[in-house]
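> What follows is the residue order along each chain.
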Amino acid sequence: MSAERIDLSCELSGIRLGNPTVLASGILGTSADLMERAAQSGVGGVTAKSCGPEKRAGHINPVAVEWDGGVINAIGLTNPGVEEEVHLLREAKQRLTTMGVPLFASIFAPTVAEFAQVAAVISRGEPDLIEINISCPNVGDEFGTPFAGSPETAAQVTAAVKAATHIPISVKLAPNVPNIARIAHAVVEAGADAITAINTMPGLIIDPMAGQPVLANRVGGLSGWSLKPVALRCVAEIRRAVDVPIIGTGGVANGLDAAEMIMAGADAVGVGTAVWQRGPQVFALICEELRAFMEEAGYPNLQAMKGVALR
Amino acid sequence: MNGKKPFRVFLLKEKHRETVNVNTLIFDKPLDGAKPGQFVMIWLPDIGEKPFCVADDDPFTITVAAVGDFSHAVHTLGIGQSAWVRGPFGQGFIIQGRRHLLVGGGYGAAPLLFVAKQMVSRGHAVMACLGARSAEDILLADAFLDAGCEICVTTDDGSRGMKGQVTEAVAAALEEFKPDTLYACGPVLMNSALAHICREKGVLAQLSYEALIRCGIGLCGSCELDSISRAAAGIPSGWLICKDGPVFFINAGSRT
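Listed in order, the protein sequences are those of chains X and V.
All residue numbers for the first sequence refer to the numbering used here, where the first residue is 0 and numbers rise by one.
All residue numbers for the second sequence refer to the numbering used here, where the first residue is 1202 and numbers rise by one.
Derived by calculation from the structure, the hints in this document are not laboratory data.
Each hint should be verified, as a subset may be incorrect.
[To be verified] Listed below are the simulated DMTMM-like cross-link pairs for lysine to aspartate or glutamate, each with C-alpha atoms no more than 20 Å apart in a straight line:
no., chain 1, residue 1, chain 2, residue 2
1, V, Lys1205, X, Asp67
2, V, Lys1205, V, Asp1233
3, X, Lys54, X, Glu82
4, V, Lys1205, X, Glu65
[Said to hold, decoys possible] Covered stretches of chain V, going by a simulated chain X footprint (3 or more residues, C-beta under 8 Å):
no., stretch
5, 1205-1217
6, 1228-1237
7, 1241-1250
8, 1279-1290
Since the model is a prediction, treat every value here as computed from it, not as a measurement.
A virtual CB, placed ideally from N, CA and C, is assigned to each residue, including glycine.
Working from the sequences, and respecting the hints, build out all of it.
Here is the structure:
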């Protein structure tokens, strides 16, 4: 099999991606220019930074630091508010469409009703898909336990958002739950077209010399290398429970990581922290490495590889 | 896995007053691998975290203007007290050619002294144009002289050196000193003006930009350079000061 004949395309709820890499929400998704840059770097789909009902400055520094296992961050949902985000999305959509790269919005809100309102407004930006961020681990002081924490609350948000928009939705789940398959099942029953799994894992890093946490928010979300086994386990459990497309996200930094995520049952792979390690060109690099692996291993397309590790 | 901690602790060893609100802080050990033009994030627990240019690598040195609550706290650190450091980050200056024109606007002089010392140690010719509002704001002029540079000072009020903008001195220096490369650090308007001059005259230039830095590692998007500054210097869109910069190259093709 020659590398040129390997097909890296995939489909998420009727949206076609030239390759399975998706810029994860919260990374470089703050402006049309940055999203265009990701698109120019060979990404398959772009997710904007999460936006909520009102403008938020986010947490004070330190908001993100590197450590042995990747990155820990608590940016705190910095965003311009949904009205402004609509303009940003329109601008980004125009540029990405000419490049054949789909655009995903991402939304959060403090209540179920506001989730529906934000979804209705963000739809005016005409993203190809809306990711529902019910799992940000870094705003617990203000927002309480994330909606991703139980099947009931996750389903409530999903149903409310689904009723408020005609655009396909992907619900972004949290890893720190006792049974992620039950939550996946609940959101699909409530109308989720896809699932993004997972958000970062809540963690705490302490500086012993300072005698205190390194982040101003104290706790933060772990991403990068240390998250990958957790993400693979979650994606595998979700894939056994539901049939909707999964954007497998967590610790994917190279082509083999992407292959593993697809073997666990993902349709596409979110990439975030690896932008820090390998720069915006990470998407093209992952595709090149994935293609080489598939050629070597004899997989003609992603479908042939999807879920093989679950058999 | 190498046991990497997010921050390294440095102890303050010496402190020198440069101007009424600027101090140079010298710490107890080198900052490995730091190049002129790169920056670090300094964290003081319970107070905050902000970016600072590296003013020297061995021992690690910063030159700090007290302009806000956090820089005031760094400024007033006592001898023996700790600063938590992550970095160095970003793309620094690269010495190109043998005749170098340095342009420091206000506090921008600090990282330029670091590169000036490296240039002089290679036997290169260095001229530093330093501009500020007033005589008491001129930073490190004696240090540039001691390092073996020619200097040219401008002040807005004419209280020291030439009266006027540092960019006027630069225009003259380009004609008379004939540098191979111009290196600048200062306010964005100064950078834009220099970019204009250098693009017009085809002069190699390396401009250092400053920004509100949050993550410092190219993820959060907070430090994207604004479109007006970008257009003035011909910088590509989506350019992140913390990762792609802080130093941008003009007329260099690709960095070497």
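> State for each hint whether it applies.
Against the structure, the hints:
Pair hint lysine 1205 (chain V) plus aspartate 67 (chain X) holds up; C-alpha atoms about 5 Å apart against a cutoff of 20 Å. Between lysine 1205 (chain V) and aspartate 1233 (chain V), the direct Cα distance comes to roughly 14 Å. Compliance with the 20 Å bound is thereby established for this hinted pair. With a C-alpha separation of about 9 Å, the suggested pairing of lysine 54 (chain X) with glutamate 82 (chain X) holds against the 20 Å cut-off. With a C-alpha separation of about 9 Å, the suggested pair lysine 1205 (chain V) and glutamate 65 (chain X) falls inside the 20 Å cut-off, and the hint holds.
Counting residues of the stretch 1205-1217 of chain V whose CB lies closer than 8 Å to any CB of chain X gives 5, which reaches the minimum of 3, so the coverage claim holds. With 0 residues bearing a CB less than 8 Å from a CB of chain X, the stretch 1228-1237 of chain V misses the requirement of three and the coverage assertion fails. With 6 residues carrying a beta carbon less than 8 Å from a beta carbon of chain X, the stretch 1241-1250 of chain V meets the three-residue requirement, and the given coverage holds. Against chain X, the stretch 1279-1290 of chain V contributes 3 residues with a C-beta closer than 8 Å to a partner C-beta. That satisfies the three-residue criterion, and the hint holds.
Hint violations for this structure: number 6 only, all remaining hints satisfied.
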